[in-house]
Amino acid sequence: MKRMPILPVEAYTSQEWFEQEQQQIFSRTWCFAGFMEDVANPGDTLAVQAGLNNIFIVKGRDHRLRAFHNICRHRGTQLIRAVGKGQKALTCPYHDWTYDLEGQLISVPEEEKEFPNLDKSCLGLKPASVDIWRSMIFVHPDPNAGSIMNWFGDVEPYLGSHQVEALVEYPEAATSYEIQANWKIVVENYIDVYHLSHLHSGTLSMYDHAKAEYGFVGPHFAFWEPLNKDYQADIEKNAPMPLIVPMDQLGASVPMLFPGLGLGESETSWSTFRIIPLAADRTRVETRTRVKKTSDWEFQKQEWRSASYWSKHISGKYPADKNSDKDDPMTSGDFVAEDIYACEQQQKSLKSPYFEIVATAQEGESPVREHQQIVLDYMEGRR
Amino acid sequence: MSPHFHTLTVSDIQKEMKGVTSVLFTVPNELKDSFNWRSGQHLTLRITLKGEEYRRSYSISSSPFSDDPLRITVKHVKGGTVSKYINEKLTIGDQLEIMPPLGQFCLDPASTLRRTHYLFGAGSGITPLFSMLQSALLAEPYSRLHLLYGNTNGDNIIFKQQLAQLQEHYRDRLSVSHVLSKPSIWSSQGYWRKGRLNAEMVGEFINEHPPYAQDAQYYICGPGQMNTLVKTALMGLDVPAKRIHSESYGGQLITDEPVRGMAATVQIKLGGTRHNVQIAEGQTVLAAARAAGLEPAFSCQAGVCGACRAQLIKGSVHMKARIALEDDRIANGEILSCQALATSPELVIEYRGDT
Chain A
1 MKRMPILPVE
11 AYTSQEWFEQ
21 EQQQIFSRTW
31 CFAGFMEDVA
41 NPGDTLAVQA
51 GLNNIFIVKG
61 RDHRLRAFHN
71 ICRHRGTQLI
81 RAVGKGQKAL
91 TCPYHDWTYD
101 LEGQLISVPE
111 EEKEFPNLDK
121 SCLGLKPASV
131 DIWRSMIFVH
141 PDPNAGSIMN
151 WFGDVEPYLG
161 SHQVEALVEY
171 PEAATSYEIQ
181 ANWKIVVENY
191 IDVYHLSHLH
201 SGTLSMYDHA
211 KAEYGFVGPH
221 FAFWEPLNKD
231 YQADIEKNAP
241 MPLIVPMDQL
251 GASVPMLFPG
261 LGLGESETSW
271 STFRIIPLAA
281 DRTRVETRTR
291 VKKTSDWEFQ
301 KQEWRSASYW
311 SKHISGKYPA
321 DKNSDKDDPM
331 TSGDFVAEDI
341 YACEQQQKSL
351 KSPYFEIVAT
361 AQEGESPVRE
371 HQQIVLDYME
381 GRR
Chain B
1 MSPHFHTLTV
11 SDIQKEMKGV
21 TSVLFTVPNE
31 LKDSFNWRSG
41 QHLTLRITLK
51 GEEYRRSYSI
61 SSSPFSDDPL
71 RITVKHVKGG
81 TVSKYINEKL
91 TIGDQLEIMP
101 PLGQFCLDPA
111 STLRRTHYLF
121 GAGSGITPLF
131 SMLQSALLAE
141 PYSRLHLLYG
151 NTNGDNIIFK
161 QQLAQLQEHY
171 RDRLSVSHVL
181 SKPSIWSSQG
191 YWRKGRLNAE
201 MVGEFINEHP
211 PYAQDAQYYI
221 CGPGQMNTLV
231 KTALMGLDVP
241 AKRIHSESYG
251 GQLITDEPVR
261 GMAATVQIKL
271 GGTRHNVQIA
281 EGQTVLAAAR
291 AAGLEPAFSC
301 QAGVCGACRA
311 QLIKGSVHMK
321 ARIALEDDRI
331 ANGEILSCQA
341 LATSPELVIE
351 YRGDT
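Here the protein sequences line up with chains A and B, keeping their order.
First residue of the first sequence: 1, per the numbering used here; consecutive thereafter.
First residue of the second sequence: 1, per the numbering used here; consecutive thereafter.
Hint data in this document are derived by calculation from the structure and do not stem from the laboratory.
Mixed in with the good hints, there may be bad ones.
Result set (SDA-like, lysine to any residue): computed pairs, CA atoms no more than 25 Å apart in a straight line [said to hold, decoys possible]:
1. A:Lys126 <-> B:Gly236
2. B:Lys242 <-> A:Asp100
3. A:Lys88 <-> B:Glu204
4. A:Lys292 <-> B:Arg171
5. A:Lys126 <-> B:Arg171
6. A:Lys120 <-> B:Met235
7. A:Lys126 <-> B:Met235
8. B:Lys242 <-> A:Gly146
Small disclaimer: the values here were computed from a predicted structure and weren't measured.
Based on the sequences and whatever the hints tell you, model everything.
Dropping the structure here:
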């Protein structure tokens, strides 16, 4: 059997593997659902798919979040659409069964005639777990999932020192795009330390990859690297946006929280990189970014100040010439485009009879192997 | 449950402020296990003054997670014989008869739990809350706390300095909001709201401090009226009842309200048998049962240990003290028979054993 090098190639191509992962991994772990600002007020709702479970969150009048499985107790219809604001009650569109914000069934149309013996008190929505950590909302399908710190507590000390709650979202920076590759290819690209100096030679040179410190803490990957000397020497001028960490804590923390939630915690921005499996060979990535809470004018000034540095330090992997396609990721100078390209090119090769992986980098690709082992452990019931 | 009294030595006495004294105890090694306490529990003292025996219960104000010794904090209440004695006469080296810690109004911290604790206190109701607050800060590092604390004025705030220091030290995890009913214009003590604690304030307090950790818990300790008010306000915001924990007057005890009770007939169900027993005016249900030769479980006779708990099925009683019962148990008809005076001519009660 061909391996990648730990997981079999089928793990990246077969529908059966994909469905098993939805069950064994994504239905059994904490799932990122959004930022705390997404459900700011009582009655606000937010729905998210966590593996096989659609779960919605509602903020109660006591400002506490509740999470329920998004299934009407009548015929199972999904109650809540993606986002709702200020709702007083939750009504299923199909037959107007209505629940209060505690998930209790409070009204059934024509109850006396159609359901003379219905005990509404036994038909509350099924609860799930919800918590907020580092400004992010997470849900878990199991109402007794326990403390979220059992899941994130050990890795937390290895993350950035950012006060995430004090940062504000920069909505224009949000992105959503589809990659024609398996979700694990996207994760492996994110945690592949070896590729940073090569694929991104023109786009991520402001970090000193040779000094990166990284490793797994439980199922989560922690990664930190310092700024390169030139960039740091005049950081207050060179930073593209206002700084968000103290001068003695400069650097980038780029962890990958299992399963498939990357963070990009840099000196100027804090981002989520959410990897959503769509099919064996299709993955959606959604990013959202938080920045310093300050005026547009401060951002503008910083952009002007740093423009000369960036014009000299960002370039394509290959130089563009008059014959090159203007959309070629290899000349784009955009590290995201470079990564997408690499992921899709790798996925394309998986079905070739000549595909094989014989050698992987001892250190720089060790996270790739370890992540595959963690996935395998989940799939074979060892985790 | 059969708690016993043990002799403990007063190791130190600290004047918290005028009329409020903390008493620290040395616990001998052989009693260490019995005197392990949970934050929110109280100690029962047995003391004989001028030939008369008194039992009083006071909340423990120190945390089992700090290095502080066992400590109660006692406010001199008007007409309170024991609290007056403790505030004015008790000295270091004195020995007191004390029962091991009791009580179910507790905050038990755990290192990986991540909760938002809301504490509502008034006056000396702060004592158990102060222990809870320290425990959560020390032993539950992922959790946050918000204290709403009502007093008459800035001079009446027990643990004022300590709270300010904790707030400074744990800036990201603790907020303290003072409500003063009659703030002195000469005082520099800042406050969050002026007036008596009311439902609107409770709502505004939650709005200003929405839970970050979503496992929110609510603890209320003050006079009964305040507890009802806060609990009602919280439930009005859809806080589930199981998240609300309350205790009336944090161990202050003992409400010697002038209720004499009345003569009554009580049907007592004990061990599957029914007995009809007469109660004299001023006699407790437990005393009447024992006088009739029945032997229900009991122990402290101070309304503290809960051993004599019974279910009131018919009629009404007045309880002189009721620290062993959380408010919602009382609402469900549980009584402490050692404290229960009849206030209706016919009662039906049942001893159901330890539940």
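Taking the hints in turn, this is what the structure says about them:
Our distance criterion of 25 Å between C-alpha atoms is met by Lys126 (chain A) and Gly236 (chain B), whose separation comes to about 23 Å. Straight-line distance between C-alpha atoms of Lys242 (chain B) and Asp100 (chain A) comes to about 18 Å, which keeps the hinted pair within the 25 Å bound. In summary, the hint linking Lys88 (chain A) to Glu204 (chain B) is supported, as the alpha carbons are separated by about 20 Å, within the 25 Å threshold. Simply put, Lys292 (chain A) and Arg171 (chain B) have alpha-carbon atoms about 21 Å apart, close enough for the 25 Å limit, and the pair holds.
Using a Cα cut-off of 25 Å, the hinted pair Lys126 (chain A) and Arg171 (chain B) is violated, with the two alpha carbons roughly 37 Å apart. For the hint linking Lys120 (chain A) to Met235 (chain B), the alpha-carbon distance of about 21 Å falls within 25 Å, and the restraint holds. Distance hint between Lys126 (chain A) and Met235 (chain B) is fulfilled; the C-alpha atoms sit about 21 Å from each other, no more than 25 Å. A C-alpha spacing of about 17 Å is found between Lys242 (chain B) and Gly146 (chain A), which places the hinted pair at or below 25 Å, so the restraint holds.
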